[in-house]
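Place chain B on chain A using the hints.
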Amino acid sequence: MGPSGSGKTTLLRLITGQAQADRGLVEFDGRNVATLSRGELFRMRRRMGMLFQNGALLTDFDVYENIAFPLREHTRLPERLVRHIVLTKLQAVGLRGAARLMPAELSGGMARRVALARAIVMDPELLIYDEPFVGLDPISMGVVLRLIRRLNDTLGVTSIVVSHDVREIIAVADCCHLLSGGRIIASGSPKEVAASDSEEVRQFMHGQPDGPVPFHYPASDYAEHVRQVR
Amino acid sequence: MATSVLRELHESVEDALRALGAYTLFAGRLAAETPRALLRFRLVVEQVHNTGALSLVIIMMSGLFVGMVLGLQGFDLLERFGSEESLGSAAALGLLKELGPVITALLFAGRAGTALASELGLMRATDQLAAIEMMAVDPVRRVVMPRFLGGIISMPLLAAIFSMIGLYGAQLVGVQLMGVDQGQFWSQMRGAVEFDDVMEGVLKSVVFGIACSLVAVYEGYHSMPTAEGVGRATTRTVVISSVSILLLDYMLTAVML
Chain A
1 MGPSGSGKTT LLRLITGQAQ ADRGLVEFDG RNVATLSRGE LFRMRRRMGM
51 LFQNGALLTD FDVYENIAFP LREHTRLPER LVRHIVLTKL QAVGLRGAAR
101 LMPAELSGGM ARRVALARAI VMDPELLIYD EPFVGLDPIS MGVVLRLIRR
151 LNDTLGVTSI VVSHDVREII AVADCCHLLS GGRIIASGSP KEVAASDSEE
201 VRQFMHGQPD GPVPFHYPAS DYAEHVRQVR
Chain B
1001 MATSVLRELH ESVEDALRAL GAYTLFAGRL AAETPRALLR FRLVVEQVHN
1051 TGALSLVIIM MSGLFVGMVL GLQGFDLLER FGSEESLGSA AALGLLKELG
1101 PVITALLFAG RAGTALASEL GLMRATDQLA AIEMMAVDPV RRVVMPRFLG
1151 GIISMPLLAA IFSMIGLYGA QLVGVQLMGV DQGQFWSQMR GAVEFDDVME
1201 GVLKSVVFGI ACSLVAVYEG YHSMPTAEGV GRATTRTVVI SSVSILLLDY
1251 MLTAVML
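Protein sequence lines, in the order shown, are assigned to chains A and B. Under this note's numbering, the first sequence has 76 at position 76, and the numbering climbs by one with no breaks. This note's numbering runs 1000 ahead of the 1-based position in the second sequence.
Hints were generated in silico from the structure; no laboratory data involved. Think of the CB as a built atom: it goes at the ideal place given N, C-alpha and C, for glycine as much as any other residue. Keep in mind that the hints are not guaranteed to be accurate.
Quick list of the computed label-pair ranges, beta carbon to beta carbon [to be verified]: (1) Pro1035(B) x Ile170(A): 52 to 60 Å; (2) Leu1056(B) x Gly182(A): 28 to 36 Å; (3) Thr1235(B) x Val134(A): 30 to 38 Å; (4) Ile184(A) x Ala1032(B): 55 to 63 Å; (5) Arg1018(B) x Arg23(A): 35 to 43 Å; (6) Ala1032(B) x Gly135(A): 36 to 44 Å; (7) Ile170(A) x Thr1235(B): 41 to 49 Å; (8) Glu27(A) x Thr1235(B): 39 to 47 Å; (9) Lys191(A) x Leu1020(B): 27 to 35 Å; (10) Leu1056(B) x Arg150(A): 44 to 52 Å; (11) Met1224(B) x Gly30(A): 33 to 41 Å; (12) Leu1038(B) x Pro212(A): 54 to 62 Å.
Sample of chain B residues at the chain A side, in silico, Cβ under 7 Å [said to hold, decoys possible]: (13) Gln1128; (14) Met1135; (15) Val1137.
Chain A on its own, in the form it takes in the complex (with noise of 0.2 Å):
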């Protein structure tokens, strides 16, 4: 968690190698993901499934063809066995009698809903949620939320959410981590991270206008400022 510029993303983009840090190290299953050569990195990532802020969907294919998408990129499986599995995939997100929608004629939830399912096609070890609850109105939100929680426990996978709201981070993760201004300023159980006194920390979770996060952009004396426009 953090507030908008504080890093989440690009920490993200550093776990899956889409971008080079500067300094530091990031290991996935104990291998430096700087150092991976295109085709390892290219495996790492088989082994994760990212839900990007938008849903990412590809707008030429209707939405069984994007969950089918991995599927025949990465094996040979026969059209009946992609069918089944596509369709469980769908299934557990609700939206099987959506298959041959396209994109464009998605809600925002939905589309959320169908990159989940394509994110979790090729049963992946490490599940990567960027913003997901960006733009969904309450409904779509807690639906969003629960399959998060619900495929976490069913597929026994570890699962990363970016997010910068508090109340649906605290409900489902097991632990925080609050970043600010690239740093991490608390970590712990969400209940630890909200018990927290540092006051940047209660200020992100009790959403303060002001605080350690100023309201306003530094700039110089506004009388000052509002005379030399004069």
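This is chain B only, laid out in the frame that chain A set:
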């Protein structure tokens, strides 16, 4: 003053060389990926449909009108020398060697090139390319290559159709409107046009196809992931493609003459 002009000139040259280097590296990567991409020919055929078949109407209409203008202008010029029966050969040579490949390529850059660049740019802006990479699929191999090869295959086919329709347009004006003898029109053309003339046009259209497709996929794939970035990529595609086509046309003509 002079220092700042020199500095700007130096930066411009440096930028241009950097861009040329990036284009060369990207072209090398595409060339290396070509054999593998051809194995998934179904994806290439889909793109031949998108870039080629969907450009047919504009190519055929333009070909007809260019041919008709060629018929009018050619007749007017040849009539002065009393050799209007040579209209068929003049129109055929003009279309096959020059107008067909060049105008097709310019139209291709405006229609299919911009579509390719904006499609790839939007895929970048909406994280579709990042999602493909996260699914452990190489977007250059899966998305860029079929579009690149589709463009290269489409261009000579479109240029051939353009020239054919153009000849029909020239015949329509020259023979039907201006009264040139039909037999003379076609026999003069058959006598004057040689295999090498046809191949010159084919070679030009293949080279233009490579240039236009490369520019479109490069600009789209490397566009900034914003609305402005996609718009800029589209504009750059038209500008760079058009200038490249005309420059390459001169170079190829000079070599093959």
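Hints versus structure:
1. Pro1035(B) x Ile170(A): 52 to 60 Å: Since proline 1035(B) and isoleucine 170(A) have Cβ atoms about 53 Å apart, the given range 52 to 60 Å holds.
2. Leu1056(B) x Gly182(A): 28 to 36 Å: 53 Å Cβ-Cβ, so the 28 to 36 Å window is violated.
3. Thr1235(B) x Val134(A): 30 to 38 Å: Roughly 31 Å apart at Cβ, these two residues keep to the hinted range, so it holds.
4. Ile184(A) x Ala1032(B): 55 to 63 Å: Since the Cβ atoms of isoleucine 184(A) and alanine 1032(B) sit about 42 Å apart, the hinted range of 55 to 63 Å is violated.
5. Arg1018(B) x Arg23(A): 35 to 43 Å: At roughly 27 Å between Cβ atoms, arginine 23(A) and arginine 1018(B) fall outside 35 to 43 Å, so the hint is violated.
6. Ala1032(B) x Gly135(A): 36 to 44 Å: 41 Å, holds
7. Ile170(A) x Thr1235(B): 41 to 49 Å: 48 Å, holds
8. Glu27(A) x Thr1235(B): 39 to 47 Å: Since glutamate 27(A) and threonine 1235(B) have Cβ atoms about 44 Å apart, the given range 39 to 47 Å holds.
9. Lys191(A) x Leu1020(B): 27 to 35 Å: For leucine 1020(B) against lysine 191(A), whose Cβ atoms are near 58 Å apart, the range 27 to 35 Å is violated.
10. Leu1056(B) x Arg150(A): 44 to 52 Å: 51 Å, holds
11. Met1224(B) x Gly30(A): 33 to 41 Å: 36 Å, holds
12. Leu1038(B) x Pro212(A): 54 to 62 Å: 58 Å, holds
13. Gln1128: 5 Å, holds
14. Met1135: 5 Å, holds
15. Val1137: 5 Å, holds
Figure legend: structure checked against the earlier numbered hints; hints not met, in rising order: 2, 4, 5, 9.
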